[in-house]
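For the sequence shown, the residue numbers in this note's numbering are 4 to 86.
Just so you know, the hints here were simulated from the structure itself, not pulled from any lab data. All of these numbers come straight from a predicted model, not from anything done at the bench. Heads up, the beta-carbon is just placed ideally off N, CA and C, and yes, glycines get one too. There could be a bad hint or two in this list.
Claimed, not checked - The following label-pair restraints were derived from C-beta to C-beta distances: (1) Cys26 - Gly76: 36 to 46 Å; (2) Leu72 - Ser14: 18 to 28 Å; (3) Glu8 - Asn56: 14 to 24 Å; (4) Glu46 - Gly76: 11 to 21 Å; (5) Asp77 - Arg18: 30 to 40 Å; (6) Gly16 - Asp77: 31 to 41 Å.
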Amino acid sequence: DHHGEIELTCSSGYRATLQLSKCGWFGVGRYNVRGSVIDGNDEVLMELWGSWNSELRCRAQNSTEEEQLWVAGDHLTSEKDFS
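Assemble the whole structure, with the sequences as input and the hints as a guide.
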């Protein structure tokens with residue numbers, strides 16, 4: 004599994020950082036993602052969390068309301084699904 008930090012930057016000064024968790028004993032923490040969206044003044048605008056294989060959620064820094072950003076589609080299960 005991949006683990007560590009990823010930083011995505013934009014020419015406007017905004018950036019997103021994502022921390023991919025390292026898998027622990029018996030799969031604990033596998034697929035977990037946490038991160039934030041930061042503006043050009045280094046202020047956190049949004050928190051991000053979820054699992055890279057199922058969904059990603061967010062919440063604005065000054066809000067309690069969560070939003071689903073992305074959800075995984077159906078997984079391919081047989082060779083015929085790839086053709």
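Broken hints, numbered, in rising order? 1, 4
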